[in-house]
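Novice: Fit chain L to the known structure of chain Z by using the hints.
Chains Z and L supply the protein sequences, listed in that same order. The numbering of the first sequence is our numbering, which starts it at 1281 and goes up by one. The numbering of the second sequence is our numbering, which starts it at 21 and goes up by one.
If a hint is listed, it holds; no wrong ones were tucked in.
Only some residues are given here: those of chain Z computed to face chain L with a beta carbon under 8 Å:
no. : residue
1   : P1352
2   : P1356
3   : R1357
4   : I1360
5   : V1367
6   : E1375
7   : A1385
8   : H1386
9   : L1393
10  : R1396
11  : G1426
12  : E1429
13  : E1454
14  : G1459
Here are the simulated SDA-like cross-link-like pairs (lysine to any residue), alpha carbons at most 25 Å apart as the crow flies:
no. : chain 1 : residue 1 : chain 2 : residue 2
15  : L       : K73       : L       : S240
16  : L       : K118      : Z       : S1339
17  : L       : K118      : Z       : R1409
18  : L       : K118      : Z       : A1403
19  : Z       : K1527     : Z       : P1509
20  : L       : K118      : Z       : R1378
21  : Z       : K1527     : Z       : H1468
22  : L       : K118      : Z       : S1364
23  : L       : K118      : Z       : P1387
24  : L       : K118      : Z       : V1292
25  : Z       : K1474     : L       : P28
26  : L       : K118      : Z       : R1357
27  : Z       : K1527     : Z       : L1511
28  : L       : K118      : Z       : R1347
29  : L       : K118      : Z       : R1294
30  : Z       : K1474     : L       : L24
31  : Z       : K1474     : Z       : I1535
32  : Z       : K1474     : Z       : A1438
33  : Z       : K1527     : Z       : T1549
34  : L       : K118      : L       : L264
35  : L       : K73       : L       : I146
36  : Z       : K1474     : Z       : Q1443
37  : L       : K118      : Z       : R1408
38  : Z       : K1527     : Z       : L1576
39  : L       : K118      : Z       : A1385
Quick caveat, the hints were computed from the structure, so don't treat them as lab data. The beta carbon of each residue, even a glycine, is placed where N, CA and C say it ideally should be.
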Amino acid sequence: MEDAAVEVRDLVKRYGRVTAVDHLDLRCRRGEVTAVLGPNGAGKTSTIEICEGFRTADSGSVRVLGRAPDDPELKPRIGIMLQSGGVPQAARAGEWLRLVSRFHAHPLDPQALLDRLGLSDHARTPYRRLSGGQQQRLGLAAAVIGRPELVFLDEPTAGLDPQARHACWDMVRELRAAGVSVVLTTHHMDEAEKLSDHVVIIDRGRVVAEGSPAELTGAERQLRFRARPGLNLDEVLSALPPGSAAKESPAGHYIIEGQVDPSLLATVTAWCATEGVTTEDLSIERRTLEDVFLELTGRELR
Amino acid sequence: MTTLDLSPAPGAAPLAQMVLAQAGAEVRATLRNGEQLLLTLIIPILLLVGFSKAPFLDVEGPRVDFVAPGVLALAVLSTAFTGQAIATGFERRYGVLKRLGATPLSRTGLMLAKTAAVIVVEVLQIVVLVLVALALGWAPHGNPLTVALLVVLGTAAFSGLGLLMAGTLRAEATLAGANLVYLLLLALGGVVLPVSAFPESIRPLLEILPITALTDGVRSVLTGVGGFPVGAALVLLSWAVLALAAAARWFRWE
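The shape of chain Z in the complex, shown without the other chains (with noise of 0.2 Å):
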């Protein structure tokens, strides 16, 4: 119980008819990086807020750092960043960081923030002129500065461009080292691949899947190819050992899943030559968090 940085049991939180979140259960361990992945109106923000003390569940219970959301004590152990805005129009990026830092009893020094996230250039810019992986960084920036023992990153890196999403990634990892716990949503199955010990996929408010990145994955391997499209996939798995699949996914992205071995690469292969395919992009992977993710959550647009 004591090692839990977030403990959620059965919460549930209701907008009028509509169910965000479903009976959720969630825990994220002290010292670790937890991702919740899922997708748009998932229940992710809304969890996340309940958690952060913005919102009140409808049911269930939460606890962060063993107390209630909502209790003061915990406002200066956690650190949070919105998915957009709470920060002035007109107020200057070095202004914010320093007011922010004004409220801890051992804030970071905010120059040395700026800096590290590449912001000191813009120290005197008015919020409403930085762009918009500008104003995520300083949002990152104002959750750290009050060297809090529990993070919550909602989407940080939402519009980030690649420089900046690594300098969010290298953040997380120093808070990681640093002994903070980290709780993080994201769509980018990359990032939670990349950063979290645990992940957990929610979606229509319910928890799908949860597990270490590697768990999540399985030590399953899958052969990707590309060729033309419309390939007869019956004919291949027909010489392939049974338990084998074959899917072609978007057309000419072929996927082969089963017992990957060499005996399995030249069958594949064989048969191309003997249907005249020039395979292209052949490669043996891992499944990866994408392909559970669309496995759990389906690739239907909503």
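Specialist: Using the frame of chain Z, we list chain L on its own:
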């Protein structure tokens, strides 16, 4: 690359430090905002100079003695009500109130900071307006402490009304509404036009407006015509209690 010690060392700063920091940020924001300065300083100064110099007014004694108290009341209205309503409305709209709610600064601390910021701006306004009025030949009478008490009551009443508006309406509606109310109260509340200029039938209505109570109260003290303005103080106190209670009841943080 700069190394940062991210190891946890959480703790809230002392309340006074948090409130001072937040109040300082709010004062800076007000003084930097051109539209706010128009309402808080430029319009009051123009009215003070214009109505003291030009022979529009038919009042007893020097015109500046009539206009200066009204303009001081307008200064309180502009900062405690209009400026605070607009600023808070947009803070609510942009999630600033929500974000501040996640810091160690409590809501009580935030309200203290907002009150302190309003008072600091009012003091600056009053200093500037008094200097301009003195330059125009103003000869104030009365007890400055009585004026200060009326200003405090007026500030409480207008802050309550401003926060009620900011906490219940959309930011754009607050922007429009707060400016409209400023203009209406400027025209109707005895700021530069005496209430006696309006028809007898609507005067009782005008006299229970908070701005009218403030202008009448401050004016009666500073022109030295009466004792303590009990009626004006009671009207302001009533507005303050009602408006602050309503704001506490209906203010929505998000």
